[in-house]
Amino acid sequence: MGTTETGIVSGRLSPLEYEKNFSDLHPPLDEHEALVASDRCYFCYDAPCMTACPTSIDIPLFIRQISTGNPIGSANTIFDQNILGGMCARVCPTETLCEQACVRNEAEHRPVEIGRLQRYATDIAMRENRQFYQRAEPTGKSIAVVGAGPAGLACAHRLAVKGHDVVIYDAREKAGGLNEYGIATYKAVDDFAQAEVDYVLAIGGIEIRNRMMLGRDFSLGDMLSKHDAVFLGLGLAGVNALRAEGETAEGVEDAVDFIAALRQSETKADIAIGRRVVVLGGGMTAVDAAVQAKLLGAEEVTICYRRGKESMNASEFEQDLAASKGVTIRHWLQPKRIIARDGNVAGIELDYTRIEDGRLTTTGETGVITADHVLKAIGQTFEADGLGIIALQSGRIVVDGEGRTSLDRVWAGGDCVLGGEDLTVSAVAMGRDAAESINHVLAAASQPAEAVA
Amino acid sequence: MADLRNNFVGIKSPNPFWLASAPPTDKAYNVERAFKAGWGGVVWKTLGEEGPPVVNVNGPRYGAIWGADRRLLGLNNIELITDRDLYTNLREMKQVKMNWPDRALIASIMVPCEENAWKAILPLVEETGADGIELNFGCPHGMSERGMGAAVGQVPEYIEMVVRWCKQYTRMPVITKLTPNIADIRKPARAAKSGGTDAVSLINTINSITSVNLDTFSPEPSIDGKGSHGGYCGPAVKPIALNMVAEIARDPETYGLPISGIGGITTWRDAAEFLVLGAGNVQVCTAAMTYGFKIVQEMITGLSNWMDTKGHRSLDDICGRAVPNVSDWQYLNLNYIAKARIDQDACIKCGRCHIACEDTSHQAITQYVDGKRHFEVMEDECVGCNLCVNVCPVQDCITMVGLEPGVLDERTGKTVDPNYANWTTHPNNPMARQAAE
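If you read the protein sequences in the order shown, they are chains A and B.
Following the working numbering, the numbering of the first sequence begins with 620 at its first residue and continues without gaps.
Following the working numbering, the numbering of the second sequence begins with 343 at its first residue and continues without gaps.
These aren't lab readings, by the way, just hints derived from the structure by calculation.
So these bits of chain A aren't anywhere near chain B, every CB distance computed over 10 Å:
| hint | residue |
| --- | --- |
| 1 | Thr623 |
| 2 | Asp649 |
| 3 | Leu680 |
| 4 | Arg729 |
| 5 | Met745 |
| 6 | Arg749 |
| 7 | Lys760 |
| 8 | Val786 |
| 9 | Asp809 |
| 10 | Ala814 |
| 11 | Asp817 |
| 12 | Arg949 |
| 13 | Leu1037 |
| 14 | Asp1052 |
Computed spacing ranges between beta-carbons, pair by pair:
| hint | chain 1 | residue 1 | chain 2 | residue 2 | range |
| --- | --- | --- | --- | --- | --- |
| 15 | B | Asp687 | A | Gly688 | 32 to 42 Å |
| 16 | B | Leu556 | A | Ser1025 | 50 to 60 Å |
| 17 | A | Lys806 | B | Asp650 | 52 to 62 Å |
| 18 | A | Glu725 | B | Tyr404 | 32 to 42 Å |
| 19 | B | Asp566 | A | Val655 | 25 to 35 Å |
From the derived model, a few chain A residues whose C-beta atoms are all more than 10 Å from chain B:
| hint | residue |
| --- | --- |
| 20 | Phe837 |
| 21 | Thr886 |
| 22 | Ala891 |
Ideal Cβ placement from N, Cα and C applies to all residues, glycine included.
Sequences are here, hints too, so could you generate the full structure?
Printed below as a string of structure tokens:
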């Protein structure tokens, strides 16, 4: 039991409690568990799970390989489609993707544990550092990848496989993007994101330059002059503002910063948290922040979302997880004003909301929740500094089916493009497919000009 | 309540479930536990002749194959007959029979193929009060290399000879246990009958290597890097055993010869199948070795409840009921036409029926209908082979439906003929053509 001291303080828990609270959410399957779980797969033909996977991993095959004692072959099957299969196994909302499509749901309302099986196989291969890919003959082409998140890493790896040289430019201290800075700690323990970056880079031919920010340290034009092609996997660097009175009070924080700080902390004892925390928002970030606030020892944690449960972006599983950790989720509440005392947050006043004629509106009723810490998880925005005249729509980069932007020699993928799904696995798919497109274009350009008569 | 009391060649037991001669019946301790658990009878592990007993290997004796979740499907065994002193066994048998007079106690015997050897042991066994003897002509490993067990069971003349000796030197009922490691099971059964056997029991275990260690290249179970074929048993052998039981049950030469059914019996349902195919009772081993003696309670209640549901009052009501329905292929009705039908409410859309049919059979199941994943039988292609039924993971989702006479078979464009017609009279049969000419 932690302290109930009011205010934003660190060290609410004992070291043992921190360790327990931030350990693996789903412990890995051991061999026996993996065999039992894999035996449940029916090896469906044209399997619905595979169709549901944004990276189209051959799920029945990789599970069959596990069931026959061939986890290395299984990992190879996974990595063929998704080189970040290890992280995706941990963070994918499988309950709305592959596992939702599993035919076992029809049979007995319990899908095959695809995510955990994927982790089982990829963990073994990565632990043994089994590398499945070799670089093709060098092409002499150089590609700039901007952003070392899931999209950028997937793109870089596939380009390296094709024999191209890749330089990744990333604004942060470490590579990994949201895998390193944006995932709840208990989903990626033991510094997994960095282990995965190392595993991806082991193919060779990929150089990472950290602390290089587009718009500050270089422009898109610089990249195009130095490289044959550019892939933009920029992610979403900005966050939405609350635009409510009192937002500047001490104790109002962006959830993404809070989550990132947690990930970079060794012991978590140095991460300060309020006694009563309100998290604003309804997505995965809101849940990740709320759950971790609770795990840090906050006495009360409340998620306030301005619409109903059915509109929440956080999956059912995530909502249940939050509830199981003691987080209260309240719907139809929209922040009106941060109540500050001596410059510090003391509470939040909220408007009750409802849908009227299809539009969200306030009812006129208000309520107050006592809080000393408010975390904002109300959406991230794309910051387009340094991109010049690239076509945007709704604040995101416009791409075609192959990831080509409006600019010649420039591709993009991941959260920064229009139509992105805010999913690691979708970002991987886009990065991988853009790499195939880049390779295709570069290869075509290198062909001898004369046609065969 | 159905009456499960069993009278097998005059040997009475409260139910038809006996433990087969095998490791679980090697000594009084185990057999007492079995009777406490409810087993109707026990065939004591095979006795050898007087003198120093045989020895077993001191490494692993069993190998296995498994299904999902390591469910044991097949076991193999290189243990020999009892490795305990003959008189120790006889003393214990006598005591157990005294303690459990209502249970069947059978002595399994294997001595050299010499008249004196059998003449010597039979009175000793008789003195225990045992209800009968079972001649072990089946053990496929070790003992067969010494001219006993399957080495006898594979030569019908030897079977007949030994059975004759036994009938001559003992008043006890004689059950002859047959080896399946032979081309035609009817031959040894006929020989046993000619020798005067009271019954046959089958099957004994099947020559087998269950697996090979891919690190050491030794067959399993491995004894210091080498392996020997063992006797295969357990659920995997049941279909082989059922067929052999049926072969004997319907052979005119052995028709009516009592059969004790053995081979992979694990549940009441397995037991019932042996009984209706002509077995007068059943013997169980691997299931007990896998799960313990308690399984007999499931067998007793399961058989009893099924019989009650179906109105069968005693074992006589069910024994052999399926025998008349076992037929040679040539007499099967070629005018019977069935089509697979998929219950769309039960279908979970795994696609296994489609791919099995598409890749390996008759291309008779759809994958998409109107752009939607939908599995449906195309009756104009379906030959009624039943593969889809067998690969479907959902019970009763796909069923075979017989077409009524007069209905159009969309595959052939002909209506279903109401008359029975088989291969013997079919125009494509060269033999039938010759007969007609």
